[in-house]
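Chains A and B are the protein sequences, given in the same order. If you read the first sequence in our numbering, its first letter stands for residue 1, the second for the next number, and so on. If you read the second sequence in our numbering, its first letter stands for residue 299, the second for the next number, and so on.
If you're looking for bench data, these hints aren't it; they were derived computationally from the structure. Here a beta-carbon is modelled for each residue, glycine too, at the ideal position from N, C-alpha and C. Treat the hints with care, since some could be wrong.
[Stated by the list, open to error] Computed spacing ranges between beta-carbons, pair by pair:
1) Tyr350/B - Ala56/A: 18 to 26 Å
2) Ala69/A - His419/B: 41 to 49 Å
3) Val138/A - Lys434/B: 21 to 29 Å
4) Trp493/B - Gly152/A: 51 to 59 Å
5) Val280/A - Gly445/B: 57 to 65 Å
6) Lys434/B - Asn62/A: 54 to 62 Å
7) Ala428/B - Gly122/A: 50 to 58 Å
8) Thr135/A - Gly445/B: 52 to 60 Å
9) Arg534/B - Arg167/A: 49 to 57 Å
10) Gly152/A - Asp496/B: 26 to 34 Å
So the chains spell out like this:
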Amino acid sequence: MTLFIQQVVNGLSLGAIYALIALGYTMVYGTLQMINFAHSEVFMMGGFFALLLARATGVAENPTLAGVALVAVATMASCALLGAAIERLAYRPMRKSGRLNLLITAIGMSLLLQNSALLVWGTNVPFPDLLPRHTWNVAGVTLSSNNLLVFGVTIALMIGLHHVVERTQMGRAMRAVAVSRDAAALMGIPVDRVIAFTFALGSALAGAASMLWVIDNPRVDPFMGTMPGLKAFVAAVLGGIGSIPGAVAGALLLGLCETMVSGYLSSTWRDAVAFMLLIVILLYRPAGLLGKNVAEKV
Amino acid sequence: MLLELQKTGIRFGGLRAVQDLDLRVERGQLYGLIGPNGAGKTTVFNLITGIYTPTEGDIRLGDRSIVGIGPVGVATAGVARTFQNIRLFGGLSVLENVQVAMFRHQSGTLFESVLRAPRFHREETESVAAAHELLKTFGLAEVATLGAEELPYGLRRRLEIARALATRPQLLLLDEPAAGMNPSEAHDLMHLIRWVRDTFHVTILLIEHHMPVVMGICERISVLDHGAQIAVGTPREIRDNPVVIEAYLGAEVGA
Numbered sequence: 001m002t003l004f005i006q007q008v009v010n011g012l013s014l015g016a017i018y019a020l021i022a023l024g025y026t027m028v029y030g031t032l033q034m035i036n037f038a039h040s041e042v043f044m045m046g047g048f049f050a051l052l053l054a055r056a057t058g059v060a061e062n063p064t065l066a067g068v069a070l071v072a073v074a075t076m077a078s079c080a081l082l083g084a085a086i087e088r089l090a091y092r093p094m095r096k097s098g099r100l101n102l103l104i105t106a107i108g109m110s111l112l113l114q115n116s117a118l119l120v121w122g123t124n125v126p127f128p129d130l131l132p133r134h135t136w137n138v139a140g141v142t143l144s145s146n147n148l149l150v151f152g153v154t155i156a157l158m159i160g161l162h163h164v165v166e167r168t169q170m171g172r173a174m175r176a177v178a179v180s181r182d183a184a185a186l187m188g189i190p191v192d193r194v195i196a197f198t199f200a201l202g203s204a205l206a207g208a209a210s211m212l213w214v215i216d217n218p219r220v221d222p223f224m225g226t227m228p229g230l231k232a233f234v235a236a237v238l239g240g241i242g243s244i245p246g247a248v249a250g251a252l253l254l255g256l257c258e259t260m261v262s263g264y265l266s267s268t269w270r271d272a273v274a275f276m277l278l279i280v281i282l283l284y285r286p287a288g289l290l291g292k293n294v295a296e297k298v
Numbered sequence: 299m300l301l302e303l304q305k306t307g308i309r310f311g312g313l314r315a316v317q318d319l320d321l322r323v324e325r326g327q328l329y330g331l332i333g334p335n336g337a338g339k340t341t342v343f344n345l346i347t348g349i350y351t352p353t354e355g356d357i358r359l360g361d362r363s364i365v366g367i368g369p370v371g372v373a374t375a376g377v378a379r380t381f382q383n384i385r386l387f388g389g390l391s392v393l394e395n396v397q398v399a400m401f402r403h404q405s406g407t408l409f410e411s412v413l414r415a416p417r418f419h420r421e422e423t424e425s426v427a428a429a430h431e432l433l434k435t436f437g438l439a440e441v442a443t444l445g446a447e448e449l450p451y452g453l454r455r456r457l458e459i460a461r462a463l464a465t466r467p468q469l470l471l472l473d474e475p476a477a478g479m480n481p482s483e484a485h486d487l488m489h490l491i492r493w494v495r496d497t498f499h500v501t502i503l504l505i506e507h508h509m510p511v512v513m514g515i516c517e518r519i520s521v522l523d524h525g526a527q528i529a530v531g532t533p534r535e536i537r538d539n540p541v542v543i544e545a546y547l548g549a550e551v552g553a
């Protein structure tokens with residue numbers, strides 16, 4: 001039972017980070033019906049932004065709580081700018097040329113970012129210890145300060161996101177564009193701005209995810225985005241791509257699955273199980289857990 | 299003169315969907331566009347609203363050309379429309395459908411809205427109040443919190459008109475507003491359209507198949523056939539025009 005609860009804690013912690021990344025995939029898919037494969041590289045770049053910002057502000061040498069929070073916010077802002085820039089420079093000019101071309105552009109953008117990072121920073125760069133690590137033992141279950149940080153930050157960001165999507169005019173516009181881009185444009189909603197905003201919002205969440213990630217795994221690498229990015233994509237599809245609660249549910253489920261497999265079977269199986277789960281869900285619920293089956297418009 | 303199409307036309311490959319169309323809609327007018335199926339009526343709407351760019355001629359709103367400024371640009375210039383097959387924002391509530399159409403009239407930045415700054419608060423409260431007001435005049439106040447897709451057909455048509463008006467247009471384009479309605483519903487709609495024109499001081503251009511509706515409320519009518527205008531005039535002139543009777547109205551005139 002202790003092992004089970006321990007794996008629940010670990011699973012939710014991992015799932016929360018997947019959720020932050022998965023939201024970017026699902027929101028962009030919702031507005032553009034496109035899989036933004038460069039999203040995992042926005043997550044990766046977030047790691048490097050955090051490193052550069054921590055060094056530039058001196059937080060790397062003298063970490064204070066306020067300093068780390070500042071670096072985190074600046075990392076999110078940098079990722080938001082990067083995401084919006086990718087959309088503006090690479091995707092918008094391609095938007096009229098069909099989905100396959102957009103997909104290929106996204107893969108190209110992903111490779112460009114990976115190799116640029118490789119060229120500039122190299123691999124396996126150590127990340128400074130920013131926060132002291134505490135662990136508590138609650139009835140045999142180990143709870144670390146990082147777990148609490150991940151839970152706290154993720155919950156706060158979800159509440160913030162919910163507020164933006166449900167209660168602001170921009171959030172309403174995002175949902176309207178997701179339903180019908182043409183109808184939204186004809187109602188005077190500035191579709192281009194809404195799409196750019198969607199990219200920025202998703203990328204900011206990916207920036208928060210990478211900040212949480214590097215605090216727990218203190219190294220940054222041009223290829224660090226690949227696996228978490230892929231898992232988050234699986235989570236988004238699992239939950240029903242395009243659905244915001246679906247992405248969160250899928251991510252938590254995936255995180256739990258992985259840690260359960262590592263705990264009870266073997267950690268070598270965990271990736272295989274994650275992708276098997278995807279295949280099973282797609283076979284029996286092609287629209288995902290919370291996705292709606294939408295008839296293709298003809 | 300509010301809307302003027304000058305020798306407007308569009309080709310899709312070899313097909314001339316609309317050709318040489320001259321249309322002049324006066325400010326405040328209720329103008330009807332009729333014609334058999336496939337005559338190019340909805341194409342005219344798509345040309346005006348910037349979905350299509352004309353391959354010939356010009357389209358002017360007020361004193362400027364609106365060709366090439368795109369759907370968002372045309373909407374911002376003050377043109378709103380409804381659709382033949384209703385296209386509400388499903389997943390958004392009735393109220394939100396109206397609120398979101400007020401987007402271009404709100405100046406608060408997202409930053410302010412996230413921080414719940416005073417200006418955001420005021421604008422949000424104002425937009426909710428304005429949207430409620432609009433829903434009330436359309437008899438939709440009781441269903442404001444329902445999902446738009448939950449509404450019965452007739453109310454969805456009304457909501458589409460309310461949403462279009464929320465953009466505060468100068469020109470309102472209605473694409474077959476009476477489609478799917480029985481004669482009594484169509485009759486109510488006729489009054490609603492005239493009332494909308496008088497209350498909101500908009501100019502209305504409408505496509506319609508229900509002849510009683512068109513003849514009953516339009517002050518001027520253009521008849522399209524095979525993408526070309528075959529007649530223009532008052533309802534009486536159209537009714538008595540042999541070319542129109544020949545091409546389109548046929549036996550329906552006497553009915």
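Hint by hint, here is what the structure shows:
About 51 Å separates the C-beta atoms of Tyr350/B and Ala56/A, a value inconsistent with the hinted range of 18 to 26 Å. With their beta carbons about 26 Å apart, Ala69/A and His419/B fall outside the hinted range of 41 to 49 Å. In this structure, Val138/A and Lys434/B break the distance hint of 21 to 29 Å, their C-beta atoms being roughly 55 Å apart. Separated by about 55 Å at the C-beta atoms, Trp493/B and Gly152/A satisfy the suggested range of 51 to 59 Å.
A hinted range of 57 to 65 Å for the beta carbons of Val280/A and Gly445/B is inconsistent with their spacing of about 31 Å. In this structure the hint that Lys434/B and Asn62/A lie 54 to 62 Å apart at CB holds, the actual value being about 60 Å. Taking the beta carbon of each, Ala428/B and Gly122/A are about 57 Å apart, inside 50 to 58 Å as hinted. As the Cβ distance of Thr135/A to Gly445/B is approximately 47 Å, the hint placing it in 52 to 60 Å is violated.
Distance hint for Arg534/B and Arg167/A: a CB-CB separation of about 53 Å, consistent with the stated range 49 to 57 Å. A hinted range of 26 to 34 Å for the beta carbons of Gly152/A and Asp496/B is inconsistent with their spacing of about 57 Å.
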